[in-house]
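Asker: Each chain is listed here by its residues.
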Amino acid sequence: MTVTEYERAPEIVAEGYDSATAAGLKALWETEPGIKGWFSTVDHKEIGIRYIVTAFAFLVAGGIEALIFRLQLAGPELHLLGPEQYNQLFTMHGVTMILWYAFPVLTGFSVFLQPLLLGTRDMAFPRLNAFTYWVFLFSGIFLYVGFALGSVPNAGWFNYTPLASRPFNSGFGIDFYALANILLGISTTLGSINFVVTILRERAPGMSINRLPIMSWGTLTISVGLIFSMPSVSLAFFFLWMDRRIGTHFFDGSGETQPLLWQHLFWIWGHPWVYAIVLPAISMISQILPVSCRRPLVGYTALALATVMTMVLGFGVWVHHMFATGLSSMALAFFGAVSILIVIPSAVSFFGWIATIWTGRPVLNTSFLFCAGFIIVFVIGGVSGFMTGSVPVDWQLTDTYFVVGHIHYVLIGWNLFAVMAGIYHWFPKMTGRLLDERIGRWNFWLMFIGFNVGFFPMHISGLLGMPRRVYTYPEGMGWDTLNLITTVGSYVFAIGFLLLIVNVVVSRRRGAIAGPNPWDADSLEWSTPSPPPPYNFVVIPAVASRSPLWEERLQAPENRSSIGEGMVLDHGKEIAATSAIDAQPEVILKMPEDSILPLLTALALTGVFAGGLGPMWWLVAASAVIALALTCVWLWPRDRLAQTARPHP
Amino acid sequence: MSELVLENRRLPTGSIGKLANGYWGMICFILTEAALFIYLQFAYYYHAVQPHQGPWPPEGIPSMRMALPNTILLLASSFVVWWGEHGTKHGRRSHQLLGLGIGFLMGAVFLGVQGLEWQNKTFGLTSGAYASLFFTVTGFHMAHVVVGLFLLLAVTVWSFLGYFGPARSAYVSIAAIYWHFVDAVWITVFFTLYLTPRLGLLWAAP
Ligand code: HEM
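Same order as they appear, the protein sequences are chains W and G. Start counting the first sequence at 1; every next residue gets the next number (the numbering used here). Start counting the second sequence at 650; every next residue gets the next number (the numbering used here).
One thing to keep in mind: the hints can contain errors.
To be verified - The calculated EDC-like cross-link candidates involving lysine to aspartate or glutamate, where the alpha carbons are at most 20 Å apart (straight line), are: (1) W:K26 x W:E593; (2) G:K667 x W:E586; (3) G:K667 x W:D582; (4) W:K36 x W:D639; (5) G:K667 x W:E46; (6) G:K738 x W:E5; (7) G:K667 x W:D639; (8) W:K36 x W:E46.
What the hints assert, rightly or not - Derived, one-sided and incomplete: chain G residues facing chain W with beta-carbon distance under 8 Å: (9) L685; (10) L689; (11) Q690; (12) T775.
Since the hints were made in silico from the structure, they are not lab data. Note that the structure is predicted; figures quoted are calculated from it, not measured. Glycine included, C-beta positions come from ideal geometry on N, C-alpha and C.
Please build the complete structure, drawing on both the sequences and the hints.
Answerer: The following block contains the structure:
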């Protein structure tokens, strides 16, 4: 038995990706081929791509739901769907999009990119990373199993009580939603913890906090935000489930229960959540735009602080979703003011981008087009948000199509457009091949035009008084043409999106070979081959500026990062952990190998929640015991990871 | 800058004390758990300050006959666990085993007394809003005690197997801070459920 190694001085060498050292690292880090390897991999690049693909599958599902009900709304008095079916579809659409697409897709980008951006080899907790992916996947499947069985939530995505309480909503639809949501919440929370520890502890030596890539600021900020806000909604859904299945009285409307408490708990999470699904996307734009504009980002510090500020203020605005519930005017004034204040940090980002474009030399590729489209839509969505943030205006607009217009400008504009830019930008890193630019143009223009044609008129129909969540409307209200335009626009938009899928399928096989750095970009991920090898970096880079790959142009020679020379760390799977502020090396961490345990534990956990449906206590108990046993095996201290003090020194 | 960084210093390897990722992960986990208890108690206060038909709590002020000694027991267990952790770091095996083991037992007794307290209640989980809140808030806390007990049991057993000592003891520290959290958060629960009604803070008469 080898004696555990407790300390050593890491060797510093200069090695390339075709050296013997690299081959040795590959053998250490590589996932074994075949089905077992597929289920047990903990490689963050693989998991990140899975997150993105899965989230896109949910996007397609939610999109199809929307396209179906848009047909219904194309003209007055259509009866393709009955009222109950309509309720189910728009609820599933909202839920799928906002919970199972919009955030997980960003998580996917972060899981793939963060370790590469930071110059390390994996996430802080690689097995936890796999676990959170599986739990996310199973929670979505759980929700859609309910859908397939005809148990469909139908009370809107925010699911207000007492409408969602059992006396008014029998069947299991709401229970599927509640339990799936708690399960997803577990995944999100654990994922956030993983990001926080990764970003604070695993940056390449020298990457002090003021050199953190701007995209990592987005991920770090929202991860901290979610650590504090997720429990609120999980608790709300847990109370709701208890009300419905155990017979407790929190918000069911009987006696002294408080249905409005649901809204508080929901929106205390809900508004930070809205930022969680836009801030990482915004910071993705801030990461991509400078590359397209051939210059460093203007106002890095201001933009990083604006990101943090938005999240902080984001905790103080939840009541603006409840302006119409009859709260005191004091509360309305306070929350209205904060809601308007929050425009300031968004404006800071906006001016930073404009200045970056203005003073740069933009390359008009598809990724840049999506960035530019994003910025335009960002302004429209921001202005309509500012409008609804003001109390008297909101009283007019709430529950009309104006709000539907606003949320889509924010969600599609601020999230999906950024994601599209991200796909065009990082696809070469993920696959080694470039996406086709010609299809890309069509992709952008169809989506951009379709989006504006489809969603802008919603603002007008809202101002004309059309309520949201109605399954049809009578003739002669002046809404007919607007709705027809909306439906046509939606379909154009959907066709535009389809082109992305076509492009991905075609380019994966036949796209031009990308090489390590096709965009001549500045951040560390572009110093690795495309796709990066399993261990990411042969030597751990040492970083001396915010744009390590542009230093020849920007930095005096004595002040340069060291990319090709650094610590090798090859006594097993190893990474360097550095101090949280200055990123000085502190410890060599031993990383766990691939394992099937995350998958099994995620299955057992899903079993616990499936048992909650009846509730079937035997299933809950059995799954919990299995989950516990698996966790115990998972966490068993190991000599090889230098977790134990054996043999005694 | 880069010279400094590439300096060939000796570094510890593996999960060591507060440098271990697990320690940082646990701190983050505790933050999210703390938030959970804030929301739980927010729900309680939210109900408490609304207008009621009768007094709040409707079932009368909960008795401290068992809860107060139990609170003291739980707090004391934190010190015992701390002592065990200290023993681990300094290579005193008997301290280590006794501290963690006794800490575990004290936690188990706390749980048992909580169970009795539940049994003695004249109302049940589904009797009304207050009853639901009382059982859910204390139930959530008990669930956390159970998790803490599992952690303590695990590190006690692993200590028996000789896994932890001065060279590596991160697991023990991680279990210990979780246990301290479970104890600290009980103080807030105790304050909310048992003390605020006595202080006359939440008596919203009709
Ligand atoms: C093809 C694209 C899309 C179309 C045609 C579409 C259409 C619609 C329409 C018409 C509604 C209002 C339903 C009603 O109130 O009766 C709606 C609601 C909603 N949509 Fe979309 N949408 C699309 C994509 C998205 C995306 C990408 C997201 C999020 C990332 C999203 C999030 C939502 C949400 C959260 C609601 C509110 C659901 C509720 O009222 O509970 N949608 N959508």
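Asker: Indicate, hint by hint, whether the structure satisfies it.
Answerer: Structure-based check of all given hints:
1. Between the alpha carbons of W:K26 and W:E593 the distance comes to roughly 13 Å, so the proposed pair stays at or under 20 Å and holds.
2. Between G:K667 and W:E586, the direct Cα distance comes to roughly 11 Å. Compliance with the 20 Å bound is thereby established for this hinted pair.
3. For the hint linking G:K667 to W:D582, the alpha-carbon distance of about 17 Å falls within 20 Å, and the restraint holds.
4. Of the pairs offered as hints, the one joining W:K36 and W:D639 is violated, with about 25 Å between alpha carbons and a cut-off of 20 Å exceeded.
5. At most 20 Å may separate the alpha-carbon atoms for a hinted pair to count; G:K667 and W:E46 exceed this at roughly 30 Å.
6. Proposed proximity of G:K738 and W:E5 is supported: the alpha carbons are some 18 Å apart, at most 20 Å.
7. For a cut-off of 20 Å, the pair hint linking G:K667 to W:D639 stands: about 18 Å separates their Cα positions.
8. Between the alpha carbons of W:K36 and W:E46 the distance comes to roughly 14 Å, so the proposed pair stays at or under 20 Å and holds.
9. A hinted interface residue such as G:L685 counts as satisfied when its beta carbon comes closer than 8 Å to some beta carbon of chain W; here the least separation is about 4 Å, so the hint holds.
10. A hinted interface residue such as G:L689 counts as satisfied when its beta carbon comes closer than 8 Å to some beta carbon of chain W; here the least separation is about 6 Å, so the hint holds.
11. Taking 8 Å as the C-beta cut-off, the interface hint given for G:Q690 is violated, the closest approach to chain W being about 11 Å.
12. With a cut of 8 Å, the hint placing G:T775 at the interface with chain W holds, because the nearest CB-to-CB distance is about 4 Å.
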